[in-house]
Amino acid sequence: MSTILTVENLKKYFDVPDGKLHAVDDISFSINEGETFGIVGESGCGKSTLGRTIIHLYQPTSGKIIFENKDITFATKKECRDLLRRMQFIFQDPYSSLNPRMTVIDIIMEPLLIDGMKRKDARQRASELMEMVGLSKAFETSYPHELDGGRRQRIGIARALALEPKFIICDEPVSALDVSIQAQILNLMLDLQEKFKLTYIFITHDLSVVKHISDRVMVMYLGKTVELAGTQELFNNPVHPYTKALLSAVPSTDIDEQQEREILHGEIASPINPMPGCRFAPRCKYATSKCRTDDPHLVELKPGHFVSCHNINS
Amino acid sequence: MNEVILSVKNLSVEYRVEEGIVKAVNDVSFDVKSGETLGLVGETGAGKTTIALSIMGLLPVPPAVVTQGEILYEGENILTANEKYLRTLRGNKISMIFQDPMSALNPSTYVGDQISEVILLHNKVSKDKAREMAEECLEMVGIPKNRYAEYPHKFSGGMKQRVIIAIALACNPNLLIADEPTTALDVTIQAQILELMEQLKEKKGTSNILITHDLGVIAKMCDRVAVVYAGEIVEMGTLRQVFKHTAHPYTKGLFDALPGNGLSGKKLKPIKGSMPDPTSLPENCKFANRCFKKTEKCDCSIRLVDIGDGHLVRCISPLCCEGVK
Numbered sequence: 044m045s046t047i048l049t050v051e052n053l054k055k056y057f058d059v060p061d062g063k064l065h066a067v068d069d070i071s072f073s074i075n076e077g078e079t080f081g082i083v084g085e086s087g088c089g090k091s092t093l094g095r096t097i098i099h100l101y102q103p104t105s106g107k108i109i110f111e112n113k114d115i116t117f118a119t120k121k122e123c124r125d126l127l128r129r130m131q132f133i134f135q136d137p138y139s140s141l142n143p144r145m146t147v148i149d150i151i152m153e154p155l156l157i158d159g160m161k162r163k164d165a166r167q168r169a170s171e172l173m174e175m176v177g178l179s180k181a182f183e184t185s186y187p188h189e190l191d192g193g194r195r196q197r198i199g200i201a202r203a204l205a206l207e208p209k210f211i212i213c214d215e216p217v218s219a220l221d222v223s224i225q226a227q228i229l230n231l232m233l234d235l236q237e238k239f240k241l242t243y244i245f246i247t248h249d250l251s252v253v254k255h256i257s258d259r260v261m262v263m264y265l266g267k268t269v270e271l272a273g274t275q276e277l278f279n280n281p282v283h284p285y286t287k288a289l290l291s292a293v294p295s296t297d298i299d300e301q302q303e304r305e306i307l308h309g310e311i312a313s314p315i316n317p318m319p320g321c322r323f324a325p326r327c328k329y330a331t332s333k334c335r336t337d338d339p340h341l342v343e344l345k346p347g348h349f350v351s352c353h354n355i356n357s
Numbered sequence: 007m008n009e010v011i012l013s014v015k016n017l018s019v020e021y022r023v024e025e026g027i028v029k030a031v032n033d034v035s036f037d038v039k040s041g042e043t044l045g046l047v048g049e050t051g052a053g054k055t056t057i058a059l060s061i062m063g064l065l066p067v068p069p070a071v072v073t074q075g076e077i078l079y080e081g082e083n084i085l086t087a088n089e090k091y092l093r094t095l096r097g098n099k100i101s102m103i104f105q106d107p108m109s110a111l112n113p114s115t116y117v118g119d120q121i122s123e124v125i126l127l128h129n130k131v132s133k134d135k136a137r138e139m140a141e142e143c144l145e146m147v148g149i150p151k152n153r154y155a156e157y158p159h160k161f162s163g164g165m166k167q168r169v170i171i172a173i174a175l176a177c178n179p180n181l182l183i184a185d186e187p188t189t190a191l192d193v194t195i196q197a198q199i200l201e202l203m204e205q206l207k208e209k210k211g212t213s214n215i216l217i218t219h220d221l222g223v224i225a226k227m228c229d230r231v232a233v234v235y236a237g238e239i240v241e242m243g244t245l246r247q248v249f250k251h252t253a254h255p256y257t258k259g260l261f262d263a264l265p266g267n268g269l270s271g272k273k274l275k276p277i278k279g280s281m282p283d284p285t286s287l288p289e290n291c292k293f294a295n296r297c298f299k300k301t302e303k304c305d306c307s308i309r310l311v312d313i314g315d316g317h318l319v320r321c322i323s324p325l326c327c328e329g330v331k
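Chains V and Z, in that order, are what the protein sequence lines are. When the letters of the first sequence are read in order and numbered with the working numbering, they come out as residues 44 to 357. When the letters of the second sequence are read in order and numbered with the working numbering, they come out as residues 7 to 331.
In short, the hints are calculated from the structure, not lab data. Just so you know, even glycine gets a beta-carbon here, dropped at the ideal spot from N, CA and C. Some hints here could point you the wrong way.
[Claimed, not checked] Each computed DSS-like pair below joins lysine-lysine, with the alpha-carbon atoms no more than 27 Å apart: (1) Z:K210 <-> Z:K151; (2) V:K180 <-> Z:K273; (3) Z:K210 <-> V:K238; (4) Z:K151 <-> V:K238; (5) V:K238 <-> Z:K273; (6) V:K328 <-> Z:K160; (7) Z:K151 <-> V:K240.
[Unchecked claim] Part of the chain V face toward chain Z, derived, beta carbon under 10 Å: (8) G84; (9) S86; (10) K163; (11) G192; (12) R194; (13) Q225; (14) N230; (15) L250; (16) S251; (17) K254; (18) A288; (19) S295; (20) L341; (21) V342.
Based on the provided sequences and hints, a complete structural model is requested.
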């Protein structure tokens with residue numbers, strides 16, 4: 044399996060009145076062709092910023108992004124446009140990511156027209172795309188507000204697929220949907236992946252979704268990677284105290300299962316001018332003085348299982 | 007434990023809007039017993055929140071119209087009670103926690119004052135005494151009392167939800183309605199809030215109605231569950247009856263659609279189609295079009311029937327017919 048995307052020491056800081064907001068702080072990973080790479084974390088951990096920085100909706104502050112063996116870190120506008128033929132984005136909110144004044148078919152045609160396709164051909168292709176994502180022809184001339192959330196998300200998917208990309212970044216694509224609809228969309232995404240050999244980055248806060256769909260999972264906390272491993276390995280043998288707490292916080296639907304719950308105290312700290320040391324230390328019950336002064340580094344515990352914690356041996 | 011404190015009988019609510027008549031709640035009946043937590047679970051648009059607003063006497067009229075039914079609290083029908091009586095109930099005997107902690111607080115009033123406001127409204131106490139009581143409420147939900155004089159924007163989502171819980175519990179209500187209390191929160195914060203709600207319920211003996219779409223939250227918190235679909239209760243029973251002896255195909259579908267019950271890469275089992283348009287609900291079983299067990303016999307109106315030990319199901323061929331404890 045070849046590597047399709049490599050991210051090295053990527054940083055994205057935002058200037059805010061109080062200083063610098065460290066949204067993504069020194070993240071490195073690589074993704075193989077055809078895999079689904081899950082990124083989980085709670086609100087404010089930087090997972091969406093990471094996705095948006097990779098596809099150049101934000102300019103990276105520093106670091107390297109290598110896509111299909113090309114360094115795209117500081118791509119020009121023209122290069123970014125070419126990039127969108129290979130890499131696309133599905134947004135979280137199917138309510139606000141579609142232009143309310145455009146009909147469904149126009150929304151799906153738009154990327155094709157921008158790419159220079161003739162109107163007639165684009166229309167034909169958009170119809171095919173609609174069929175592919177399970178939208179009936181009757182909706183071609185509908186407006187987004189006339190459709191429910193699941194159908195709207197299908198439009199978002201069809202639009203992302205229009206230019207036949209190889210790589211799609213999905214930012215919480217099912218979070219706004221009810222479970223019965225969520226399952227339809229996840230199945231559709233799995234089908235499309237198989238059919239077009241797509242590679243996904245799947246960003247979500249929902250652990251059960253990430254467990255279901257991902258091959259490997261990266262857990263983020265305040266702009267940092269805390270743990271990265273194969274899905275089974277991560278869910279069966281979580282090592283980082285934050286990962287453990289996160290997994291145990293999800294209420295199970297099995298009423299006979301005795302859940303060992305680890306309730307985390309306190310709340311996520313501010314990402315603006317963060318203190319040195321482990322970002323999780325203020326909420327960690329194992330934190331030592333070293334944790335509050337030294338940044339932990341990501342180390343490979345077993346093949347493919349990376350953890351960033353000073354206390355992994357104890 | 008078995009004393010009924012609230013009884014909803016044959017409640018139907020519709021919204022009369024330009025597009026037509028939206029039948030939001032259709033002939034819903036249930037009781038809430040003292041000290042129990044009843045869960046209302048269902049998807050977007052099922053009518054869960056409309057039921058809650060009816061109990062609080064907060065339905066937006068117009069466009070909402072109650073077409074039938076009654077809601078009895080201490081022998082009084084809330085639906086026909088006058089506003090003055092409702093004011094003595096709301097926030098005092100029946101409280102509600104709203105879904106979105108970001109917009110439920112007044113942004114220009116100290117959080118502490120928002121708690122003492124409720125206390126002053128319902129109790130004959132001095133302002134100082136009310137402040138003292140409000141500080142106790144803050145501590146009860148795990149917020150240091152020196153944060154009394156701060157504005158909501160200084161609080162995170164989880165902290166705001168704690169303040170809202172403090173407001174709701176300030177007058178020791180005997181019924182608390184929580185409408186998606188943790189949906190807007192992260193899982194680790196959700197775990198904190200659920201823990202807090204459980205502790206307070208034990209301490210104060212409040213009865214709860216918990217509205218959520220999250221079956222995991224229901225499993226953790228509830229004694230009894232009602233599954234709502236297209237404005238109707240399709241299944242109701244104890245947590246064990248509904249979770250372990252699931253009888254309605256819709257409830258079964260909800261469980262099957264959840265990811266994480268198997269290995270990765272396996273196909274999920276979605277419920278096909280989507281919820282019927284509430285402006286033109288079918289007369290027969292409202293789930294029939296999406297049901298994997300649909301037969302010709304489903305083309306009639308179907309009543310909620312007891313399949314044993316109080317386990318109610320609205321289906322002519324329930325999945326588990328023998329009554330199980």
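Evaluation of the provided hints:
Restraint check for Z:K210 and Z:K151: the C-alpha separation of about 21 Å stays at or below 27 Å, so the hint holds. Between the alpha carbons of V:K180 and Z:K273 the distance comes to roughly 26 Å, so the proposed pair stays at or under 27 Å and holds. Among the hinted pairs, Z:K210 with V:K238 is inconsistent with the structure: their alpha-carbon atoms are about 57 Å apart, more than 27 Å. A distance of roughly 58 Å separates the Cα atoms of Z:K151 and V:K238; the hinted pair therefore is violated under the 27 Å criterion.
For the hint linking V:K238 to Z:K273, the alpha-carbon distance of about 15 Å falls within 27 Å, and the restraint holds. In summary, the hint linking V:K328 to Z:K160 is supported, as the alpha carbons are separated by about 26 Å, within the 27 Å threshold. Among the hinted pairs, Z:K151 with V:K240 is inconsistent with the structure: their alpha-carbon atoms are about 57 Å apart, more than 27 Å. Given the 10 Å rule on beta carbons, the hint for V:G84 holds: about 9 Å separates it from the nearest Cβ of chain Z.
The interface hint given for V:S86 holds, since its Cβ lies 6 Å from the closest Cβ of chain Z, which is under the 10 Å cut-off. Contact between V:K163 and chain Z, as hinted, is not supported at the beta carbon level, the nearest pair being about 32 Å apart and thus beyond 10 Å. Using the Cβ-Cβ criterion of 10 Å, the hint placing V:G192 at the interface with chain Z is satisfied: the shortest such distance is roughly 8 Å. For V:R194, the interface hint holds, since its Cβ comes within 10 Å of a Cβ in chain Z; the closest pair sits about 8 Å apart.
Look at V:Q225: its Cβ gets to within about 7 Å of chain Z, closer than 10 Å, so that hint holds up. At a threshold of 10 Å, the smallest CB-CB gap from V:N230 to chain Z is about 6 Å, leaving the interface hint in force. Residue-level restraint check for V:L250 holds (minimum Cβ-Cβ distance to chain Z is 7 Å; threshold 10 Å). For V:S251, the shortest C-beta to C-beta distance to chain Z is roughly 3 Å, which falls under 10 Å, so the interface hint holds.
For V:K254, the interface hint holds, the least distance from its beta-carbon to any beta-carbon of chain Z being 5 Å, beneath 10 Å. A distance limit of 10 Å between C-beta atoms decides the matter here; for V:A288 the minimum to chain Z is near 6 Å, and the interface restraint holds. At a threshold of 10 Å, the smallest CB-CB gap from V:S295 to chain Z is about 6 Å, leaving the interface hint in force. Interface restraint check: V:L341 against chain Z, minimum CB-CB distance 22 Å, threshold 10 Å, status violated.
Checking V:V342 against chain Z by beta carbon gives a least distance of about 24 Å; that is not within 10 Å, so the hint is violated.
The structure does not agree with the numbered hints 3, 4, 7, 10, 20 and 21 stated previously, though it agrees with the rest.
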